[in-house]
Amino acid sequence: MKIAVASGKGGTGKTTIAVNLAYVASHAGERIALLDCDVEEPNAHIFLKPKIREKHSVGVLIPEVDQKKCTLCGKCGEICQYNAIVSLPKKVLVYPELCHSCGGCALVCPEQAVAEISREIGKIEQGQAGHIWFAHGILNIGEIMSPPMIKAVKHAAPPAELIIIDAPPGTSCPVIEAVRGVDYTILVTEPTPFGLHDLKLAVGMLRTLEINFGVVINRSDLGDQGVREYCDENSIRILAEIPDDRRIAESYSRGEIICESLPEYQSIFKTLIQTVVAKTGNKLKARA
Amino acid sequence: MKELVIISGKGGTGKTSITGAFAALAGNSVLADCDVDAADLHLLLKPRIIQKHDFYGGSRALIRNELCTDCGKCREVCRFDAIEIRGPVSPHRQKTYQVDPVACEGCGLCAYFCPAQAIQFDPALNGEWYISGTNYGPMVHAQLGMAEGNSGKLVSLIRQEAKKIAEEEKIENLLIDGSPGIGCPVIASITGADQVLIITEPTLSGLHDLQRVAELTRHFHIPAMVGINKWDINEELTGEITRQAEELGLTMAGKIRYSRAVTEAQVKQMPIVEYTNDGISQDIRELWQVVMGELNKS
Numbered sequence: 001m002k003i004a005v006a007s008g009k010g011g012t013g014k015t016t017i018a019v020n021l022a023y024v025a026s027h028a029g030e031r032i033a034l035l036d037c038d039v040e041e042p043n044a045h046i047f048l049k050p051k052i053r054e055k056h057s058v059g060v061l062i063p064e065v066d067q068k069k070c071t072l073c074g075k076c077g078e079i080c081q082y083n084a085i086v087s088l089p090k091k092v093l094v095y096p097e098l099c100h101s102c103g104g105c106a107l108v109c110p111e112q113a114v115a116e117i118s119r120e121i122g123k124i125e126q127g128q129a130g131h132i133w134f135a136h137g138i139l140n141i142g143e144i145m146s147p148p149m150i151k152a153v154k155h156a157a158p159p160a161e162l163i164i165i166d167a168p169p170g171t172s173c174p175v176i177e178a179v180r181g182v183d184y185t186i187l188v189t190e191p192t193p194f195g196l197h198d199l200k201l202a203v204g205m206l207r208t209l210e211i212n213f214g215v216v217i218n219r220s221d222l223g224d225q226g227v228r229e230y231c232d233e234n235s236i237r238i239l240a241e242i243p244d245d246r247r248i249a250e251s252y253s254r255g256e257i258i259c260e261s262l263p264e265y266q267s268i269f270k271t272l273i274q275t276v277v278a279k280t281g282n283k284l285k286a287r288a
Numbered sequence: 289m290k291e292l293v294i295i296s297g298k299g300g301t302g303k304t305s306i307t308g309a310f311a312a313l314a315g316n317s318v319l320a321d322c323d324v325d326a327a328d329l330h331l332l333l334k335p336r337i338i339q340k341h342d343f344y345g346g347s348r349a350l351i352r353n354e355l356c357t358d359c360g361k362c363r364e365v366c367r368f369d370a371i372e373i374r375g376p377v378s379p380h381r382q383k384t385y386q387v388d389p390v391a392c393e394g395c396g397l398c399a400y401f402c403p404a405q406a407i408q409f410d411p412a413l414n415g416e417w418y419i420s421g422t423n424y425g426p427m428v429h430a431q432l433g434m435a436e437g438n439s440g441k442l443v444s445l446i447r448q449e450a451k452k453i454a455e456e457e458k459i460e461n462l463l464i465d466g467s468p469g470i471g472c473p474v475i476a477s478i479t480g481a482d483q484v485l486i487i488t489e490p491t492l493s494g495l496h497d498l499q500r501v502a503e504l505t506r507h508f509h510i511p512a513m514v515g516i517n518k519w520d521i522n523e524e525l526t527g528e529i530t531r532q533a534e535e536l537g538l539t540m541a542g543k544i545r546y547s548r549a550v551t552e553a554q555v556k557q558m559p560i561v562e563y564t565n566d567g568i569s570q571d572i573r574e575l576w577q578v579v580m581g582e583l584n585k586s
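Residue numbers (the working numbering), protein chains in the order written: chain A, 1 to 288; chain B, 289 to 586.
In case anyone wonders, no lab produced these hints; they're calculated from the structure.
One or more of the hints may lead you astray.
[What the hints assert, rightly or not] With a Cα cut of at most 27 angstroms, we get these calculated DSSO-like pairs of lysine-lysine:
(1) B:LYS441 to A:LYS75
(2) B:LYS441 to A:LYS200
(3) A:LYS154 to A:LYS75
(4) B:LYS334 to A:LYS200
(5) B:LYS556 to A:LYS200
(6) B:LYS361 to A:LYS75
(7) B:LYS441 to A:LYS151
(8) A:LYS75 to A:LYS49
Fair warning: this is a prediction, and the values are worked out from it, not measured in the lab.
Can you build the whole structure from these sequences, using the hints too?
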C-alpha cells in the first residue's frame with residue numbers, strides 16, 4: 001500500500017507528518033519504506049538519520065549526434081517540441097537540459113546519426129533508519145526536470161507493506177509524478193488563507209487524477225475557520241489536527257522526530273496511520 | 289530597472305508575506321507572482337484584473353477514434369506511458385486507444401508516426417495569466433490549470449511581461465515572488481535577475497535547503513542575499529546560518545522575529561507592515577533598507 005503526503009503550499013509540515021507516520025508504523029512492527037520524493041529539497045534524512053548503504057546515479061537519455069553521418073536534413077529539429085535539438089546550416093546543436101527524452105530525434109533520423117546516451121541528473125541514496133527502509137533522490141544543482149528523478153526514487157522501493165511518499169510542494173509536474181499510482185494521499189495544510197487557497201488547488205489536482213485523499217490541519221489553532229468550512233462543504237475528511245505548539249517547532253528545528261521528543265503526540269500519529277490504512281481498505285499487518 | 293527575486297529553497301519560510309510587505313514599503317513597483325502552481329501573493333495585494341490571457345505552454349495529443357485503426361504504433365513510440373488501451377466499445381471494436389492527458393508530455397511522436405493520421409496534436413490550454421492593478425503598482429500573475437505542466441514557461445512569460453510594464457511605465461523596481469525548490473520554475477524565475485533574496489528559517493531543514501539554493505544562485509552567477517525569518521525560534525541555528533551564509537558568499541540582509549501577527553495580517557488580507565507597527569514590521573523595514581541598498585549597487 002502506498003500513501004503520499006503532499007500539500008499545495010510549502011512548509012505546512014509534509015515531512016514532519018511523513019517521518020512521524022513512518023516512525024509509529026515501524027514501531028508497530030510494520031515493514032515500511034519511506035521515499036523522500038522532494039528531490040529538489042529533500043529533508044526527511046535530517047529527521048530519520050538513515051545509514052546510507054547504497055548510492056547510485058540517475059540518468060536520462062539525451063541525443064548524441066554523429067556529425068560525420070549527419071546530412072543536416074533537419075528532421076531531428078523538426079520533431080523536437082522542446083528546442084533541445086536544433087539543426088543549423090552547418091551543425092546540429094543539442095541542449096541537454098531542455099531534452100525530455102522522448103527519443104523522437106533518434107527515431108526520425110534517416111541516417112541513424114542520432115544515438116541516445118545517458119546523462120546524470122541526480123543521485124539516489126538508500127539505506128535503513130531503524131526498521132524503516134529509506135531512500136531519497138537528490139537532483140543535481142542546475143537541473144530543470146525533477147519528474148524523472150522522482151520516478152527513479154519510486155522505482156527504488158523494495159517490497160514493503162507500507163510505502164510512505166514524502167512529496168514536493170506545489171500542484172504541478174513534480175507533485176503529479178510523486179502521487180501517481182498511490183492508494184491514498186494525505187494533504188497537509190494550515191488554517192490560513194494561503195493554506196486554504198493552495199489546498200483547493202491540491203484538491204483539484206487529486207480529483208483530476210482520481211486519487212483518494214484526506215486532510216491534516218497543522219498548527220490548527222492559528223488563523224481562521226476557512227479550511228474547516230471548505231472541507232465541510234466539500235465533504236472532505238479531516239483526518240487529524242496538530243496544534244501550534246512551540247515545542248514542536250523547536251523540536252523540528254533541531255531535526256527531531258516529534259513522537260520521540262514529545263511522546264504525548266504519538267497517539268495522534270497512531271490514529272492517523274490507522275485511519276488512512278483503513279481508508280485504503282487495508283489493515284496493518286504486524287510482523288510476527 | 290532593477291529586478292529582485294525572492295526565493296527560499298524550503299517552502300513556507302515566509303517568501304510571500306515578505307514580498308507583500310516589500311510591495312507596501314516600495315510604494316510603487318511592478319509585482320510578479322512566479323510561484324505559479326501555488327500562487328498566493330494576490331491574497332495580500334488584492335489585484336484588480338485588467339487583462340486576462342490564455343496560456344498555451346505546449347501541445348497535447350488527442351486520438352480521433354473514428355480514424356484510428358487500432359494498430360498500436362502510438363503506444364509503441366510513447367515513452368511516457370500516456371497511451372492507454374480501453375476495453376471493447378462495440379462488437380466490431382475490441383479495444384481503443386486513448387491519450388492520458390496528465391501523462392502526456394507533448395512530444396508529439398504519436399501524431400508524427402500514426403499511419404492513419406488519426407492523432408490531433410494541437411496547442412493545449414495550460415492556464416491563464418493576468419495583468420492587474422494593485423495599490424502598490426501593476427501586478428502580473430497567473431493560474432496554472434489543474435494538473436497542468438509547463439510551469440517554467442509560464443514563469444518566463446510572467447517575468448517578461450512584468451519587465452515590459454516596468455520599462456514602459458518607467459517603474460524602478462520589479463519584485464518577484466518565486467517558488468520553493470531549485471528546479472524548473474525556480475530556475476526560470478532567477479536567470480538573469482539583478483538580485484536574489486533567499487528567505488530561510490533557523491531549522492536544520494531551512495539550513496540544508498539554503499545550502500542547495502545558494503549553490504543554485506552561484507551556478508547561475510546571480511548575487512544573492514539571505515534573510516532569516518522567525519530567527520528567534522532557534523537562536524543557535526540563526527548563528528550557524530549567519531556563519532555559513534558568509535562562507536557561501538551570501539550577503540546577510542537581516543532577520544525577522546517570529547510573530548503571530550503574520551497570520552493575523554494574512555487573515556485580514558493585508559501586508560504585515562500595514563497591519564501592525566510592532567517589532568516584526570520594524571524588522572522587515574530594516575531588511576528592506578538593506579535589500580534596496582544592495583539592489584541599487586547591483
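How the hints compare with the structure:
| no. | hint | result |
| --- | --- | --- |
| 1 | B:LYS441 to A:LYS75 | 24 angstroms, holds |
| 2 | B:LYS441 to A:LYS200 | 23 angstroms, holds |
| 3 | A:LYS154 to A:LYS75 | 35 angstroms, violated |
| 4 | B:LYS334 to A:LYS200 | 18 angstroms, holds |
| 5 | B:LYS556 to A:LYS200 | 19 angstroms, holds |
| 6 | B:LYS361 to A:LYS75 | 20 angstroms, holds |
| 7 | B:LYS441 to A:LYS151 | 22 angstroms, holds |
| 8 | A:LYS75 to A:LYS49 | 50 angstroms, violated |
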